[in-house]
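Based on the provided sequences and hints, a complete structural model is requested.
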Amino acid sequence: MGEERMDIVLTGHEHFAEGILSSIQKIYGNCDGVHAIPFYSIDSERSLQEKILEVLSDNDVLIFTDIPYGTPFRACATLAHYSEKNIRVLSGTNLAMVLTALTKKDTSVDMDTLVEDCLKQAKESILAFQDESLLGRS
Amino acid sequence: MSEIVLTRIDSRLIHGQIYSHWCAACGCDLILVANDETAASTFRQGLMDMAVPSSIETRYWSIQETIARFEEDLEDHKVFLIVDKPSDLYQLVLGGLKIQKVNIGNLQLQNGRHQVTSSVAVNGEDIDAFRKLKDAGIELEIRSTPSSEVEDDQLLFLD
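Taken in order, these protein sequences are the chains called E and Y.
Its first residue numbered 8, the first sequence is counted upward by one per residue in our numbering.
Its first residue numbered 29, the second sequence is counted upward by one per residue in our numbering.
I should point out that these hints are in silico values taken from the structure, not numbers from a laboratory.
This one's a predicted model, so the numbers in the text were calculated from it and none came from an experiment.
Cβ atoms here follow ideal geometry from the backbone N, Cα and C, with glycine treated the same way.
Treat the hints loosely; a few may be bogus.
[Claimed, not checked] Selected chain E positions facing chain Y (Cβ under 8 angstroms, derived; list incomplete):
| no. | residue |
| --- | --- |
| 1 | S48 |
| 2 | I49 |
| 3 | D50 |
| 4 | S51 |
| 5 | Y76 |
| 6 | G77 |
| 7 | R81 |
| 8 | A84 |
[Stated by the list, open to error] Output of the computed footprint for chain E on chain Y, the stretches with three or more beta carbons under 8 angstroms from beta carbons of chain E:
| no. | stretch |
| --- | --- |
| 9 | 32 to 44 |
| 10 | 137 to 146 |
Structural data, given as structure tokens:
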């Protein structure tokens with residue numbers, strides 16, 4: 008033992024979660040312990056929560072959702088609120104965010120630090136390409 | 029005197045899509061969620077409030093509270109009324125709320141419902157309530173976002 012491990016859940020509207028998962032599998036490789044759970048327009052908060060609970064082990068849980076305050080986010084926030092497990096819910100998921108979690112999840116980093124790192128990397132990965140800066144012009 | 033500028037049936041009540049699309053489309057300044065469960069849960073209300081811009085007020089009232097308070101306690105607001113099922117809306121109509129048209133956005137596949145469109149599912153109780161609403165002269169519009177197509181309301185009566 009000694010290793011801190013956690014479950015990672017990706018969820019969002021329609022094929023968002025599978026899309027993120029297929030990208031990170033390509034970029035990162037082995038994605039054991041990462042679960043892509045889609046939320047379809049006919050799904051309920053309850054049905055999404057049930058699908059998520061089905062895949063969880065006894066580990067702590069980090070959930071990545073697509074848009075803030077959307078239904079998948081709300082379903083997961085509600086799950087976290089009422090669960091005795093340590094469940095964290097992030098929103099506005101991008102690849103940098105998930106990759107940060109993947110690279111650090113099996114290290115001894117604690118959950119609070121991991122969440123902070125994910126948010127930091129996510130924000131830093133949002134940028135606009137500027138031709139001028141690349142060519143050294145001001 | 030308040031005016032209902034939009035009435036919507038949506039299992040999710042207030043959520044991301046609601047504020048961004050529908051508030052702009054209907055010009056409301058207040059969202060009234062008429063729902064017994066939400067009226068009883070400050071946690072659910074908090075989650076919903078986070079999805080609403082600060083310029084728009086919210087109220088979370090039970091069905092009975094909505095009937096009792098609508099005329100008196102909502103002064104001069106443009107109200108976006110949201111319920112999570114048609115039978116609740118029919119209760120409000122019986123209770124005196126004036127509604128000409130209802131937008132049906134999303135009824136989730138639960139409570140023994142069967143799916144009739146990509147985002148609407150109905151059970152016997154829903155079908156019965158939709159029939160009563162229609163008989164009361166209320167237009168039923170199936171449309172999930174302001175920019176999506178209106179679907180045939182006959183789909184609501186498929187059993």
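Query raised in the report: Does A84 (chain E) pass the interface hint, meaning its C-beta sits closer than 8 angstroms to a C-beta of chain Y?
Result: holds (6 angstroms)
**Report entry** Proposed interface contact between S51 (chain E) and chain Y, which counts if any beta carbon pair is under 8 angstroms
**Finding:** Given a least distance of 4 angstroms, the restraint on S51 (chain E) holds.
Query raised in the report: Within the assertion that chain E covers the stretch 137 to 146 of chain Y, do at least three residues meet a Cβ-to-Cβ distance smaller than 8 angstroms?
Result: holds (count 4)
Report task. May I ask you to test the interface hint for D50 (chain E) with respect to chain Y, counting a Cβ-Cβ separation under 8 angstroms as satisfied? Result -> It holds, given that the least Cβ distance between D50 (chain E) and chain Y is near 7 angstroms, below 8 angstroms.
Query raised in the report: Does the CB of R81 (chain E) sit less than 8 angstroms away from some CB of chain Y?
Result: holds (5 angstroms)
**Report entry** Status of the G77 (chain E) interface restraint (C-beta, 8 angstroms, chain Y)
**Finding:** Hint holds; G77 (chain E) Cβ to chain Y Cβ min 4 angstroms, cut 8 angstroms.
Query - Coverage of the stretch 32 to 44 of chain Y by chain E (three or more Cβ within 8 angstroms) - result: Coverage by chain E holds for the stretch 32 to 44 of chain Y (4 residues, Cβ < 8 angstroms).
Requested in this report: Hold the hint about I49 (chain E) up to the distance rule: shortest CB distance to chain Y must be less than 8 angstroms.
Outcome: With a closest approach of 4 angstroms, the I49 (chain E) hint holds.
Query raised in the report: Can we keep the S48 (chain E) interface hint, with Cβ of chain Y closer than 8 angstroms?
Result: holds (4 angstroms)
Report task. Double-check Y76 (chain E) for me: the hint is only fine if its C-beta lies closer than 8 angstroms to a C-beta in chain Y. Result -> Since the shortest Cβ distance to chain Y is 4 angstroms, the answer is holds.
Every hint from the earlier list agrees with this structure, and none is contradicted.
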